[in-house]
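Engineer: Spelled out from the first residue to the last, the chains are:
2 protein chains.
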Amino acid sequence: MRLTTFTDYCLRVLTYVGTKDEGAVTIGEIAKHYSISRNHVMKVVFRLGQCGYLTTTRGKGGGMRLAMAPSEINIGTLVRQMETDIDLVECFETGNNACQIMPACVLRGALHQALGAFLAVLDKYTLADLLRPKAELSRLLTPSA
Amino acid sequence: MRLTTFTDYCLRVLTYVGTKDEGAVTIGEIAKHYSISRNHVMKVVFRLGQCGYLTTTRGKGGGMRLAMAPSEINIGTLVRQMETDIDLVECFETGNNACQIMPACVLRGALHQALGAFLAVLDKYTLADLLRPKAELSRLLTPSA
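Each protein sequence line maps, in turn, to chains A and B.
For the first sequence, my numbering assigns the number 1 to the initial residue and increments by one for each residue that follows.
For the second sequence, my numbering assigns the number 146 to the initial residue and increments by one for each residue that follows.
Isolated chain A (complex conformation) (with noise of 0.2 Å):
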C-alpha cells in the first residue's frame, strides 16, 4: 500500500512553494531541491495549477505561487484528487464485480470504512499545518552558501 509518487511530489511542491514568501518559485529550483527531475516537477505543477493550487507567471521573474492561501488547502482533499487510483482491492473500481464472493462479502465494508478512517485523519491538516515548523523549512530548503 503507497501513495502515488505523483501525489507524494504534489505535496512536496506546495510544501517548497508555501515555505517561499518572496517572489515565484521556478520548476529547476523544486527539481533541484528535491532532486526528482524536471519533468515530473512540471507534469505536478500543471496538475495543481488545473485544480487552482497554484498560478504561474511568465517572463523574467516569473513562476510560481500559491493560488490560495495555505489555509485553505486540505490535505485529504488533495490526496483524493490526485490519487487516480484510490480503490484498495479490484472490486471498488467502478464496474468491476468480478469477484464470485461480492454480493456477501464483509471485507469490502471493512476496507471502505478503514480507507475511511485512512482520510479521515488527512482531512484533519492542511497545507498550513505542514508549513507550521516554516524557519527549519526554509532553511532546509535554502542552498548552503
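Warning: the hint list may mix true and false statements.
Computed footprint of chain A on chain B; a stretch qualifies when at least three of its residues, placed anywhere within it, have a C-beta under 8 Å from a C-beta of chain A [as the list claims (entries may be wrong)]: (1) 153-160; (2) 171-182; (3) 220-232; (4) 246-259; (5) 262-268; (6) 277-286.
Hints were generated in silico from the structure; no laboratory data involved.
No residue lacks a Cβ here, since even glycine has one placed at the ideal position from N, Cα and C.
Following the hints, complete the assembly by docking chain B onto the known chain A.
Structural biologist: Just chain B, lined up with the frame of chain A:
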C-alpha cells in the same frame, strides 16, 4: 493507493477455505471459483501455510484447511504481514531519508497517523466476521449444477 493483489488473494483464499466446513480444499478449486491462476493461488497458499494460517495434507482426499479458528485470524495482522510495501511514501522505508525536508516534515507524522487509523479499523475484524454470511458465501462458492 491499493492493497497488493497478493494480499487481496490471501483474504479470498482464507474466506474460501473458511466457508468449506467439510473436507479439504484444493488449489484447483479455489483458482476456478475466483477465476485466478493456479500459480497465484499456489504462492498464496504457500505463504499462508508459512504464517500458520493453513495446513495442507497430501494424497487422495488431501488439500488445505484452516490451521486456527476463524476468530483467531485477525485481518489487520494479516494485512501487515502480507503487505511487504506498506510504506506510504519513500521516506517511510527504513534507511531512506533522501527527502530534503524530512527533519521538519509534518506530513510524515500525518501519514503515519492515517495509516494507523486504517489498520486500526482492520484490527477490529477477524476471519469470523468475514464468514458471517456463511450460507450466502457457501451458495456463491458452490458450482451451479
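Engineer: Determine for every hint whether it applies to the structure shown.
Structural biologist: Tested hints:
no.	hint	result
1	153-160	holds (count 4)
2	171-182	holds (count 3)
3	220-232	holds (count 5)
4	246-259	holds (count 10)
5	262-268	holds (count 6)
6	277-286	holds (count 6)
No hint from the list above goes unmet by this structure.
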